[in-house]
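Student: The primary structure of each chain is shown beneath.
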Amino acid sequence: MNAVIDWFSGFCMLGGGFLCITGGVGLLRLPDFFSRVHAAGVTETLAAPLLLTGLMLQMDWSLDLFKVLMILFLVLATNPTATHAMAKAALHGGYLQKARGAEHAAEEDASSKA
Amino acid sequence: MLLGFLVLIALAAIRLHDLFAVVMLFGVYSLMTAALFMDLDAVDVAFTEAAVGAGVTTVLMLSSLRLTGRWEQRSKHSPLVPLIVVGVTGAALIYGTLDAPLLGDPNAPVHQHVAPRYIEQGAAEVGMPNMVTAVLASYRGYDTFGETVVIFTAGLAVLLLLGIQENPEAKPGRAAIGDQLVLRVVVKMLIPLILLYALYVQFHGDYGAGGGFQAGVIFATGFVLYDLVFGEGNARLVVPPRWLHRLAALGVLIYGGVGLVSLLDGKAFLDYSVLSHDPVHGQHLGVLLVELGVGITVFSVILAIFYALSGRRRVS
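Chains A and B are the protein sequences, given in the same order. Be aware that the first sequence starts at 1, since it is given in the numbering used here, and climbs by one per residue. Be aware that the second sequence starts at 1001, since it is given in the numbering used here, and climbs by one per residue.
A hint or two may mislead.
Claimed, not checked - Label-pair restraints from in silico Cβ distances:
| # | chain 1 | residue 1 | chain 2 | residue 2 | range |
| --- | --- | --- | --- | --- | --- |
| 1 | A | L27 | B | L1011 | 15 to 23 Å |
| 2 | A | M1 | B | I1094 | 52 to 60 Å |
| 3 | A | L69 | B | Y1095 | 50 to 58 Å |
Just so you know, the hints here were simulated from the structure itself, not pulled from any lab data. Note that CB positions come from ideal geometry on N, CA and C, so glycine has one too.
Work the whole structure out from these sequences, hints included.
Tutor: Structure follows, in structure tokens:
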């Protein structure tokens, strides 16, 4: 049983770490605002809870475990909301048109060259 | 490692001209500093830094950015003279650290003067598990009283300069952000938790990390959040601006009043042991009251500054 828990916690933490790295790379490399928000959202919504779950599985039954659980709930409540609010605010600010415009321009460039 | 990050962030904040990004960088800077304090086992200071520096200051700076504009202006004077002044001062400070004892040296004068008494006698004299609260509110009650008055004065100055204006656009029942339904639901869920947490920090400061300063800031954050998401009119209906002046004064009054009571009972100013038959119990009561005064003042001053800044942006 302990081995199973250890494996599962290791899997959670490795997955969380991997997603953190990909999220960071995505934040730097992705082309427009919305895909970057997506990268940040994956880091916040999936990677952080995965890491916390992995940590919780390593702990004994105690008050600390409960505290980490509370942090997990807080993260799950706030982070997706922040990402959502940011994306929606950007939508209102007309970033979608800009992103689409850039895409069209790139396509036209490609077609004119071809 | 953390110090290196701090230096990098500071350099970036100097180089950038986008003030919006600079404000965000300052938030990150404060969070880093909080982590650094945490690393040094100064939980209370880290708590304050996270709540004030990373939380409320960012919001206040952003709302003042609404008034001033996003981009930094080129300065007209040459940077040479300020650079020389800063260089000389920095060199003097570094020269001064050569004489200072090493960090964490147990024989340093600062650890030999009154600190041993606080550590050894604090539990018996004040009767509090959290040593920081005992030092802050009881041994160093004068200093904390001074700090509370400083905060009160800062709030007073902002109100004198800006004033809280009645905003005709901000009617009750009108939301600031149009259709952020998810945000509104989650914030509605979070605000009670924030306020409850602030009360816990306020009244649990004797036992754990926290106290009046942190609690006031967190309590104000709850209302700032409400203001931002549900609109100014609604927030001003909950806490009318004209209350805030009185609340800020009330906090200082509670603090000073506790001091006067002990003065009238024939002890020194802010000697809480007269408040009850048992001196230790009196200390407990005094610290609780004093922290309450600090909390009320900090809360109302921060909310008043926020009101003053946010009420102004649509007028100008």
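Student: Tell me the hint numbers this structure goes against, listed in increasing order.
Tutor: none
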